[in-house]
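Residue numbers (the numbering used here), protein chains in the order written: chain A, 1 to 139; chain B, 1 to 139.
To be clear, the hints were calculated from the coordinates, so they are not data collected in a lab. Even glycine gets a Cβ: it sits at the ideal position worked out from N, Cα and C. Some hints could be false.
[As the list claims (entries may be wrong)] Using 27 Å as the maximum straight-line C-alpha spacing, the simulated BS3-like pairs for lysine-lysine come out as follows:
#, chain 1, residue 1, chain 2, residue 2
1, A, K48, A, K83
2, A, K84, B, K48
3, B, K120, A, K48
4, B, K48, A, K120
[Stated by the list, open to error] Derived CB-CB ranges, DEER-like:
#, chain 1, residue 1, chain 2, residue 2, range
5, B, Q113, A, K123, 17 to 23 Å
6, A, G64, B, A98, 19 to 25 Å
7, A, G76, B, S18, 24 to 30 Å
8, B, G76, A, E75, 29 to 35 Å
9, A, N67, B, N88, 31 to 37 Å
2 protein chains.
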Amino acid sequence: MKSKAQSGAGKGTEKRTSEGRFAYEGLDRVIHERARLSVLTSLITNPKGLAFGDLKQLCALTDGNLNRHLRVLEEGNMVEIVKKTDRNRSLTICRITASGRARYMEYLTTLEQVVRDAAKGAKEPSTSNRFQGLAPSQA
Amino acid sequence: MKSKAQSGAGKGTEKRTSEGRFAYEGLDRVIHERARLSVLTSLITNPKGLAFGDLKQLCALTDGNLNRHLRVLEEGNMVEIVKKTDRNRSLTICRITASGRARYMEYLTTLEQVVRDAAKGAKEPSTSNRFQGLAPSQA
């Protein structure tokens with residue numbers, strides 16, 4: 001990241017060129033990956049935990065994929081996996097940890113920012129005139 | 001994806017086990033990657049286009065990374081890149097295409113669903129009791 005605040009090349013094209021304004025560094029890569037976002041959102045809405053089979057269904061993942069992503073989340077201390085026995089049946093229960101919850105909530109703050117930014121952009125008309133931006137909007 | 005609607009293992013752990021409820025298949029991988037989400041959100045809020053240098057700054061990316069991601073988006077017909085000359089200076093302008101815009105808006109619909117789901121989950125108290133979920137909440 002260079003610290004020059006305004007690049008010569010961009011002069012006049014847009015006013016919002018502040019460094020990293022759209023970098024979204026809060027989009028934690030461990031959480032942002034689609035399958036893991038899916039797993040974590042399932043678990044945050046089911047704070048008491050979910051059986052492996054249910055989680056698999058909710059996220060539409062295969063056993064192998066769910067296992068792989070759970071391992072990443074477990075290593076990151078974001079979920080805990082516990083084997084339980086219920087009427088002689090063995091059950092694997094997955095649950096979000098307190099630190100997983102905190103990290104997810106932080107991620108969510110940035111995600112909400114993306115949605116807000118995008119909604120703002122969505123309002124702008126889909127102009128068919130090409131690259132008028134080269135002319136300063138406020139001369 | 002198997003079609004069994006309720007797995008035996010999950011019986012009673014949770015009521016919301018509908019297949020793929022949290023799969024978020026609308027999270028288009030081309031868009032979801034953090035740097036590309038950053039690029040596209042910059043471009044959607046600047047529909048007239050952005051100079052390469054400005055885009056680079058807004059997304060806090062290096063030349064190499066921005067080029068790499070722009071290529072992916074260009075191949076997907078989501079952005080167009082045009083060289084212009086402005087007072088003998090050469091400028092590279094990046095702009096979101098109509099189809100890129102449409103695809104991004106579709107992605108956004110799912111992203112908003114994630115935020116809504118997560119917000120719902122966030123409201124639930126961070127219970128310290130472990131795995132009470134094994135007892136059916138509505139017996």
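Hint-by-hint comparison with the structure:
1. Straight-line distance between C-alpha atoms of K48 (chain A) and K83 (chain A) comes to about 14 Å, which keeps the hinted pair within the 27 Å bound.
2. With a C-alpha separation of about 57 Å, the suggested pairing of K84 (chain A) with K48 (chain B) is violated against the 27 Å cut-off.
3. Restraint check for K120 (chain B) and K48 (chain A): the C-alpha separation of about 14 Å stays at or below 27 Å, so the hint holds.
4. For the hint linking K48 (chain B) to K120 (chain A), the alpha-carbon distance of about 14 Å falls within 27 Å, and the restraint holds.
5. About 20 Å separates the C-beta atoms of Q113 (chain B) and K123 (chain A), a value consistent with the hinted range of 17 to 23 Å.
6. Separation of G64 (chain A) from A98 (chain B) is about 39 Å and departs from the stated range, judged on CB atoms against 19 to 25 Å.
7. Judged by the Cβ atoms, the range 24 to 30 Å given for G76 (chain A) and S18 (chain B) holds: they are separated by roughly 27 Å.
8. Checked against the given bound of 29 to 35 Å, the beta carbons of G76 (chain B) and E75 (chain A), roughly 32 Å apart, stay inside it.
9. At about 59 Å, the CB distance of N67 (chain A) to N88 (chain B) disagrees with the hint of 31 to 37 Å.
Consistency note: the structure conflicts with the earlier hints numbered 2, 6, 9.
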